[in-house]
Amino acid sequence: MHLDFGVVARSLPFLWQGFEYTVQLTAIAGLGGLVFGTLLALARLSSLRWLSNAAAAYVNLMRSIPLVLVIFWFFFLMPQVFQTLTGAERPVQIGAERTAIITFIMFEAAYFCEIMRAGIQSIPKGQVYSAYALGLTYGQAMRLIILPQAFRNMIPVLLTQTIILFQDTSLVYVISATDFVGAASKIAQRDGRLIEMYLFVAAVYFVLCYTLSYMVKRLQKKIAVIR
Amino acid sequence: MHVFNWRVFFEELPGGGEQYWQLIVSGVGWTLAVSAVAWVVALVLGSFIGTIRTTDRPWMVHLGNSWVEFFRNVPLLVQMFLWYFVIPEFIPPLKAWIVSTDPANAQFVSAVLCLGLFTSARIAEQVRAGIQSLPRGQRLAGMALGLTQPQVYRYVLLPMGFRIIIPPLTSETMNLIKNSSIALTIGLAELTFRAREMGEYTFNFFEAFTAATVIYLVIAMTANRLMAVIERRAAVPGYIAGGGK
Chain A
0 MHLDFGVVAR SLPFLWQGFE YTVQLTAIAG LGGLVFGTLL ALARLSSLRW LSNAAAAYVN
60 LMRSIPLVLV IFWFFFLMPQ VFQTLTGAER PVQIGAERTA IITFIMFEAA YFCEIMRAGI
120 QSIPKGQVYS AYALGLTYGQ AMRLIILPQA FRNMIPVLLT QTIILFQDTS LVYVISATDF
180 VGAASKIAQR DGRLIEMYLF VAAVYFVLCY TLSYMVKRLQ KKIAVIR
Chain B
0 MHVFNWRVFF EELPGGGEQY WQLIVSGVGW TLAVSAVAWV VALVLGSFIG TIRTTDRPWM
60 VHLGNSWVEF FRNVPLLVQM FLWYFVIPEF IPPLKAWIVS TDPANAQFVS AVLCLGLFTS
120 ARIAEQVRAG IQSLPRGQRL AGMALGLTQP QVYRYVLLPM GFRIIIPPLT SETMNLIKNS
180 SIALTIGLAE LTFRAREMGE YTFNFFEAFT AATVIYLVIA MTANRLMAVI ERRAAVPGYI
240 AGGGK
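Going down the list, the protein sequences come from chains A and B.
Using numbering that gives the first Met the number 0, read the first sequence as starting at 0 and increasing by one per residue.
Using numbering that gives the first Met the number 0, read the second sequence as starting at 0 and increasing by one per residue.
For the record, the hints were derived by calculation from the structure and aren't laboratory data.
It is possible that some hints are incorrect.
Stated by the list, open to error - A short, non-exhaustive set of chain B residues, derived as facing chain A with CB atoms under 10 Å:
hint, residue
1, 177
2, 194
3, 219
Said to hold, decoys possible - Straight line, CA to CA, 25 Å or less: simulated DMTMM-like cross-link-like pairs of lysine to aspartate or glutamate:
hint, chain 1, residue 1, chain 2, residue 2
4, A, 221, B, 68
5, A, 185, A, 3
6, A, 124, A, 113
7, A, 220, B, 55
8, A, 185, A, 96
9, A, 216, B, 171
10, B, 94, A, 190
11, A, 185, A, 195
12, A, 221, A, 113
13, B, 94, A, 3
14, A, 185, B, 196
15, A, 185, B, 88
16, A, 185, B, 199
17, B, 94, A, 195
18, A, 216, B, 55
19, A, 185, A, 19
20, A, 220, B, 68
21, A, 220, A, 113
22, A, 216, B, 68
23, A, 216, A, 113
To be verified - Computed footprint of chain A on chain B; a stretch qualifies when at least three of its residues, placed anywhere within it, have a C-beta under 8 Å from a C-beta of chain A:
hint, segment
24, 60-72
25, 81-92
26, 179-186
27, 200-212
Beta carbons: idealized from backbone N, C-alpha and C, even for Gly.
Next comes chain A alone, as it looks inside the complex:
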């Protein structure tokens, strides 16, 4: 067997494009998922029965089926949804890359919801009562008192979930989107260099994720004292 890692060097610009998409997808899905996840968490904790039940059903459904199947579902449903929204004559194709962004926002929202719910529930009840006693409305109490604290307490968990998200985005491979893994696998198949390419990809992911989770661990130790 003859290994030639030159193939990696030759295809770096294309791999970098894929990597940029991976980072972009992680960032957008992370932020979008956090926003929707927080809204979902508020819905789950709502005293309105129908609202909390609907949110719980959504979260449990998303967490019970494989991400690959969720990606297939959205890839199939998105064109139809956009057709209905825009009133177009035929299903609207939005491409694998954009489908992936919507899918990951919706999927991550379910996981971020559970994290934010735990965060909100970790805030002492007295905080809520004193906010209301001061005359704040529900929206003000949440925005100014509860959510900032819940968010800060949950930062390490949120970051860990983001690292998992960063790894999970590689699954857009199944709808042929060109993320980092997708770009590598396209080159690998074109040049017949699967071994070199996949070893390189594994090494890059390992170094990045190991460093990031090490930093999260340090951060966790640092902010644990403040509480």
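Model the placement of chain B on the given structure of chain A, informed by the hints.
This is chain B only, laid out in the frame that chain A set:
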């Protein structure tokens, strides 16, 4: 609007003979088979790695930590490619076997190794946490009774540790079943693979994906119930909450 056609499951495949519901059932079979074998691999290896991480031998602890870090920090999809495309190239007998055998066998073995080792790292983390959550007195009492270190683990620490980690082990089992769908990227014809295949043949994607979703929900709920039964049976009276449930 889309017209539902649930009778599509009883239509025959283009090749003839089989009907679509049989295709889905065979997919469920592969999903369960891969998950079950990988679960055994993961539990055995994970228990071992998790245990050595709590010993007082630094090299054992480092070995265990490296194992966990490696499998945690590479995406499962990439690990799947490594097991299927890369590792056999470095082991000539394995390569020879893969070339000669039915592709389904090679995919099955790669998927089991990949999922088994990936999950073992996660179980190792739970086993370590379970053992470390026990009061120090348990280990010391075992040693005071004259037990050797392996005996302390065998008779004192592991039986208690395993009972503590049953709930996280349950969610790990469900993760494993969900993760087995990633084996479709190396061509293993498990449930998600079959659902997509049926969609492509019939254009009834909605029906096919709904069937797969419902089946995953049923599998998850069954696994959940099963583990709850085990948790009740294994509970130590008066020790861990959950026995009373």
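Quick rundown of the hints versus the structure:
The beta carbon of residue 177 of chain B is positioned within 10 Å of a beta carbon in chain A (closest approach about 4 Å), and the interface hint is therefore held. Annotation: interface hint on residue 194 of chain B holds; nearest CB of chain A at approximately 7 Å, less than 10 Å. Because the smallest distance between the Cβ of residue 219 of chain B and any Cβ of chain A comes to about 5 Å, under 10 Å, the interface hint for this residue holds. At roughly 22 Å between alpha-carbon atoms, residue 221 of chain A and residue 68 of chain B fall within 25 Å of each other, so this suggested pair holds.
For the hint linking residue 185 of chain A to residue 3 of chain A, the alpha-carbon distance of about 17 Å falls within 25 Å, and the restraint holds. Distance hint between residue 124 of chain A and residue 113 of chain A is fulfilled; the C-alpha atoms sit about 19 Å from each other, no more than 25 Å. At most 25 Å may separate the alpha-carbon atoms for a hinted pair to count; residue 220 of chain A and residue 55 of chain B meet this at roughly 24 Å. Taken as a hint, the residue 185 of chain A and residue 96 of chain A pair is honoured in the structure, with Cα atoms around 16 Å apart against an allowance of 25 Å.
Restraint check: the Cα-Cα separation between residue 216 of chain A and residue 171 of chain B comes to about 22 Å, which is no more than 25 Å; the hinted pair holds. Proposed proximity of residue 94 of chain B and residue 190 of chain A is supported: the alpha carbons are some 20 Å apart, at most 25 Å. Taken as a hint, the residue 185 of chain A and residue 195 of chain A pair is honoured in the structure, with Cα atoms around 13 Å apart against an allowance of 25 Å. With a C-alpha separation of about 24 Å, the suggested pairing of residue 221 of chain A with residue 113 of chain A holds against the 25 Å cut-off.
A distance of roughly 20 Å separates the Cα atoms of residue 94 of chain B and residue 3 of chain A; the hinted pair therefore holds under the 25 Å criterion. In summary, the hint linking residue 185 of chain A to residue 196 of chain B is supported, as the alpha carbons are separated by about 22 Å, within the 25 Å threshold. For a cut-off of 25 Å, the pair hint linking residue 185 of chain A to residue 88 of chain B stands: about 20 Å separates their Cα positions. The hinted pair formed by residue 185 of chain A and residue 199 of chain B meets the criterion: a straight-line CA distance of about 23 Å does not exceed 25 Å.
With a C-alpha separation of about 17 Å, the suggested pair residue 94 of chain B and residue 195 of chain A falls inside the 25 Å cut-off, and the hint holds. Between residue 216 of chain A and residue 55 of chain B the CA atoms are separated by roughly 23 Å; this keeps the pair inside 25 Å, and the hint holds. About 16 Å separates the Cα atoms of residue 185 of chain A and residue 19 of chain A, which keeps this hinted pair within 25 Å; it holds. With a C-alpha separation of about 19 Å, the suggested pair residue 220 of chain A and residue 68 of chain B falls inside the 25 Å cut-off, and the hint holds.
The hinted pair formed by residue 220 of chain A and residue 113 of chain A meets the criterion: a straight-line CA distance of about 22 Å does not exceed 25 Å. A distance of roughly 13 Å separates the Cα atoms of residue 216 of chain A and residue 68 of chain B; the hinted pair therefore holds under the 25 Å criterion. Proximity of residue 216 of chain A to residue 113 of chain A is assessed by CA-CA distance (about 21 Å); at most 25 Å being required, the pair is judged to hold. Check result for the segment 60-72 of chain B against chain A: holds, 4 residues qualifying (beta carbon to beta carbon below 8 Å, three or more required).
Only residues whose beta carbon comes within less than 8 Å of a beta carbon in chain A count, and the segment 81-92 of chain B has 5; three or more means the coverage holds. Here the segment 179-186 of chain B counts 5 residues with a CB under 8 Å from a CB of chain A, which clears the bar of 3, and the coverage holds. Look at the segment 200-212 of chain B against chain A: 5 of its residues bring a Cβ nearer than 8 Å to a Cβ of that chain, three or more, so the hint holds.
No hint from the list above goes unmet by this structure.
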